[in-house]
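Peer 1: Now for the letters of each chain:
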Amino acid sequence: MPLSVSYTPNYYSLEDILATQERIPCRVAQTIPKMGHLNSSSVDVDLQEGTVMEFPLWLVNEVCVSRVPILNPDLPKIYKESYREILKADACAVDLHRLNLHFYELGSYVKKFDKKNDVHQSIIDTFRSRFRQLINLADNSISDPMVQQRLDTLERKLFNDAYKARVKLNIWLEHSATVIEAANMVVNHKKRKRINLEELL
Amino acid sequence: MDLDDTNLEDLNDSNDSEDYVHITPAEVLELMEETWVNEKFAPEILPNKTEVVDIILEQIKSMEVNIKNLSNDDFTKNIYQLEVDKLRFMVTSYLRTRLEKIESYVVHILKEEEKRVEKGESKYLSEQEYKFAQDYSRSMDRYFNKIMNFCPNLTSDTWSSKVIEPNNNSFVFMKSKKTIEGLPIDITNADSDLVDIKSGSRVIICYSSIEELVKNGDVNLI
Amino acid sequence: MDPDELEFLGEKSKIMIIPTFNKENIHLISGDLGPFRASLPSQVPLWVATLLKKQKRCKIIPPDWMNVEYLEALKEQEKQTSGFTRMPSDHYMVEAKLLLDCAPDDIPNADEVKVIIKDIWDMRMSKIRSSVTKLVKNSDFYAAVDNLTIMEINSVRPILPHALDNLFRMKHIEQPKPSQNSNVSSFLMSKRASTSFQLSNNEDY
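Residue numbers (full-length UniProt numbering), protein chains in the order written: chain A, 1 to 201; chain B, 1 to 222; chain C, 1 to 205.
Just chain A, same shape as in the assembly (with noise of 0.2 Å):
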């Protein structure tokens, strides 16, 4: 049985790879030397100061730590105070999925670009108000399958690990045979309900 880690971000992790791909609005601080082509808009050899233009959250993260920013990142607009105040109103309700694959983990690493620092209350009550819904979806309490495609890739996650337990427990609840038919009984089972849960997400 592997060892059962809940996620945790590390330099060979895919998820974190993928959060940190994703695109973030940025004003260029300062003209940029024949980088003009990264603006498709634009004909200058150079990147312009001023241009209003999307990059990839590594190479923010990078260029955003020199003494001289070269850009200067936005939040992404789903952490905004508008997205805030639908989440805050009825995150269960949200479709996190179709907001951003890795809404906790990007909004872990855009918090930084938020002045006034809500994103990093928003994103924690959001996870906490929405973990009633994962826990009933992880006992199968809820039937509405929609549900669980609302979820973004760290619930994902739970909610995978949590119903995977809750199957085995209920197999060893329910099964009472002799050792042999058990074995089977397992096995069968344990198939069927991978086919469901692949045909599920």
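It should be emphasised that the hints constitute simulated quantities derived from the structure, not laboratory data. Careful: at least some of the hints might be erroneous.
Which chain A residues face chain C? A few, computed with CB under 8 Å, are given here [to be verified]:
(1) S6
(2) D74
(3) I123
(4) I135
(5) D139
(6) A162
(7) A165
Where is the CB? At the ideal position from N, CA and C, for every residue including glycine.
For this one, chain A is given, so just place chains B and C on it according to the hints.
Peer 2: Okay, now just chains B and C, sitting in the frame of chain A:
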């Protein structure tokens, strides 16, 4: 069927030769079980309990000799065999869990071991585990060196500095063997709330708060 | 942990049996059993009891609590309190499952016993679910679970510890460091972007 007691004395010697306490096989079993469950739930690799494992393996070995001598008509043979199988399962599961941790966090573990050696502390890995970890780490390096050829700028320093560490701020369930007072529930925070845990009490708590207590045996993970 | 592994831990509970055989001591590593005298009660670990029962070499004496009267009272108590009642055994589910499975003939009203235990379990499961939800809602990073049995604790694994892990992590990324993957990026960029940024100060590209 007399059980071999000599190894049990070894265990006592290695723990504390001054303070001799007779320890029964049943007590070693208890220890093994605690060790197994602790290892299962601790995010990091724990100090090895080779002395306990060795005693269990000795017991299994001598029991298996005895089982061979039993007649097949003796229905108690099944019982002896089942106990041996159960013990074997537990020891195997324990060792496998440690191997999985070594494979997941090999660079981190070897670095920590180095620090321990420098400080004159004993290693967490057993001798064989340490050798396995070194071999494993070397194989990884060789593999990376081979496949990363196409990136001449990317030297082995690049990835060996990217260490995957266990998340010691993981939440665990524990049972206390004694009363613990003033335990911070968040050691990353200097103003953390403190809690008292009564002996026998069960709680869910951040592993980093109880790391030392798990290692010195004051609490068990459950 | 898998439920099977918890069953493994619960199997060492001591159970009284009435053997149908005579036998001197059995010297297990975990301690001596017996001597066994036909029709004289004797105490053995649960796994030995189920093995002997399957071989039809003993009758099981159900644990004190495994009867309709006691369990009905326990169920009532569980219903009355908002917290959790202390269970008669830390491994009540394992004991119930194994004994009801292999020795229903030795347990009076086995079917009824089974139903009540299931009721108690279900009641506790639903309480556990609401406490877990509340715990995460408040993001409490500490909680006592004194009266929960091992199997019940395991039923909230991994969802509760993992949810708290994530909350704890999100909470502690106060001043985020540059991306973990930034060195990859600097490498990938080194031939293009970052060198060209330096060029803004001196020579041509």
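Peer 1: Run every hint past the structure and note whether it holds.
Peer 2: Tested hints:
1. Taking 8 Å as the C-beta contact cut-off toward chain C, the hint placing S6(A) at the interface holds, the least distance being around 4 Å.
2. Hint status for D74(A): violated, given a least beta-carbon distance of 16 Å to chain C, over 8 Å.
3. Taking 8 Å as the C-beta cut-off, the interface hint given for I123(A) holds, the closest approach to chain C being about 6 Å.
4. A distance limit of 8 Å between C-beta atoms decides the matter here; for I135(A) the minimum to chain C is near 6 Å, and the interface restraint holds.
5. Given hint, D139(A) at the interface with chain C, holds; its Cβ is 7 Å from that chain's nearest Cβ, closer than 8 Å.
6. The interface hint given for A162(A) holds, since its Cβ lies 4 Å from the closest Cβ of chain C, which is under the 8 Å cut-off.
7. For A165(A), the interface hint holds, the least distance from its beta-carbon to any beta-carbon of chain C being 6 Å, beneath 8 Å.
Violation of the numbered hints given earlier is confined to hint 2; every other hint is satisfied by the structure.
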